[in-house]
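Starting from the known structure of chain A, fit chain B onto it as the hints suggest.
Protein chains: 2
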Amino acid sequence: MELSSRVTKLLNIKYPIIQAGMAGSTTPELVATVSNSGGLGTIGAGYFSAERLEKEITYVQQLTDLPYSVNLFVPSDKLFIPEKVEHMNAWLKPYRRALNIDEPIVNISEKQQFEDTIDMVIEKGVPVVSFTFGIPNQSILTRLKERNIKVIGTATSVEEAIANESAGMDAIIAQGSEAGGHRGAFTETSSNLTPLIGTMSLVPQIVDQVNIPVVAAGGIMDGRGMVASMILGAEGIQMGTAFLTSEESGASQLYKNAIQHSKETDTVVTNVFTGKPARGIDNEFIHKMNEYNEDIPDYPIQNQLTSAIRKEAAREGNAQWTHLWSGQSPRLAQCSSASTLMERLVQQANQLLNQ
Amino acid sequence: MELSSRVTKLLNIKYPIIQAGMAGSTTPELVATVSNSGGLGTIGAGYFSAERLEKEITYVQQLTDLPYSVNLFVPSDKLFIPEKVEHMNAWLKPYRRALNIDEPIVNISEKQQFEDTIDMVIEKGVPVVSFTFGIPNQSILTRLKERNIKVIGTATSVEEAIANESAGMDAIIAQGSEAGGHRGAFTETSSNLTPLIGTMSLVPQIVDQVNIPVVAAGGIMDGRGMVASMILGAEGIQMGTAFLTSEESGASQLYKNAIQHSKETDTVVTNVFTGKPARGIDNEFIHKMNEYNEDIPDYPIQNQLTSAIRKEAAREGNAQWTHLWSGQSPRLAQCSSASTLMERLVQQANQLLNQ
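Residue numbers (my numbering), protein chains in the order written: chain A, 1 to 355; chain B, 1 to 355.
One chain only, chain A, in its complex shape:
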């Protein structure tokens, strides 16, 4: 067994290691460092306007000539329910008052922003685009593929993996339940829950059902997780939390410290921050907001309603009122540079493969 795979060939990278998008915490420096170290850096453009994305791409292109990717959030068809927004704004009032911030104006033009970022990705000749929260329509995928832009989907279940393959994706990220941040799910289980399948179960069951290469994600922090994933049949890995605490990450010191002082039992999956389920370190905001669970508007509304609260709380050093996305392996988090992390990862993986 070796590290090169269909994933390294497809993406034209040396090692099958993808840095997860991590919208809000990725910097051009992190993206470029990962790519320059032989992996695939990813611009987490989930929340970006086309203008912001253009700036980030330009910056990354100045720092690396190697392949990188852009991760986009696929818009959903959820309805905008004004009453929920009204209720939620009432529940959020004490936080806004304490932090001295105003009620935001809600922007529901998610689809237009997505179309604009697709245009930008094509205009700038981005080599790889990955998608979270679903599969874009066929005309978008065709446009990307015509420009030889590689497309990667996200799946949290076998059903989602098959849907991604059928749509023409070049590869799939199999996101196990251990993963930090947003669940990439776009289907529900028989009990109307978001699928939370452990990486050990998810990867082989997906690999058995699709022909395109699978990239494992969820709980992977070092060479052990990398080689274990490849033994399960994955041809690459994606890591988020491992890169989030790296020097080049844009996460605040508060956020990095929270991960480094957490235990594997400290995270929960919650929709209170953005309206979509995501795994993060449990805190007061989650506990309080869980009481109003029926009033939580869907993504992207709840994200917009809580965004300024979270930013200001983090700025003031209040870890109890901000999101602290983390996977289930925080004890394995390191604080080195991303290049050192990449070097160690490859070295440990090679040792395990050759023992």
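It should be emphasised that the hints constitute simulated quantities derived from the structure, not laboratory data. It is possible that part of the hints are untrue.
Each pair may be met inside one copy or between any two copies, as identical chains are not told apart.
[To be verified] Here are the simulated lysine-lysine pairs, DSS-like style, with alpha carbons at most 30 Å apart: (1) Lys263 - Lys78; (2) Lys78 - Lys288; (3) Lys288 - Lys84.
As the structure is a prediction and not an experimental result, all values here were calculated from the model.
Structure of chain B alone, referenced to chain A:
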């Protein structure tokens, strides 16, 4: 890397493969077949009286001269709340009426039964005892160890693993969230939940914190899962669901069929059947009983209250009113004999190790 490890030496077995106890579904034939195939068969004695356990041990000893183990449920200090039992009996009345069964008499002598089974294990010279739901008191562990009986604890978190090591356990089963059946947990997370850490995250974080050998459990069904677990640092694996659908298993055809027709998204963790969280295939009983969640008595009471209902429903072919424990990898379930399963497992593992 090779299959022999501290676990094979400790347990005096050829391959580091443990068949999980699976109380209620294990047969002496299954236990003996696994042991005769080079693994460690386990008598799932969680619900057994000492008399029943004696019979099972005698039967297993007739079928194999090789090491086997007994799995016991450690009693907890939960209070018996008569009001909850009264309420639950009211909710269960329609099921009992439909199935024509009586209300059971509740037996709260869990501790005496546990002490009696410990005596029996010592009397019969059982080679290995594993524990679920906690750590027995020091005098019990000392008595077992004085007879050179190997003791294995179960951990669903790093904290539980450290507690097991401190208590003097010879090895630990690290039970990932993918695992079917009862969660072995005996602590709660910061949000008062049962720990549900994916195997990919749990194993390396436990391995880094203890010195005794770790056996991985949760989502492992074949050579891929076995070798991946060992790459993560485990020195053995425990499998339940994989053996549950084998020919020698005592699970009903209804139960086996349910697993073989399930998807990875079909299971949930629920306490409605026994009063302790356990992973099984979602069905009507779980949905209905979730409505009365505050009235569910703790284990072992709820187990006793629903036991006859589940047995009779299964006998009548009603999969909606019985427990169908399963891990998150039902798509990988096979229906061969346990010896064929063991052969295939070892062959695939050796192939992966030598590629």
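**Study point:** Structure versus earlier hints - violations, ascending order
**Key:** none
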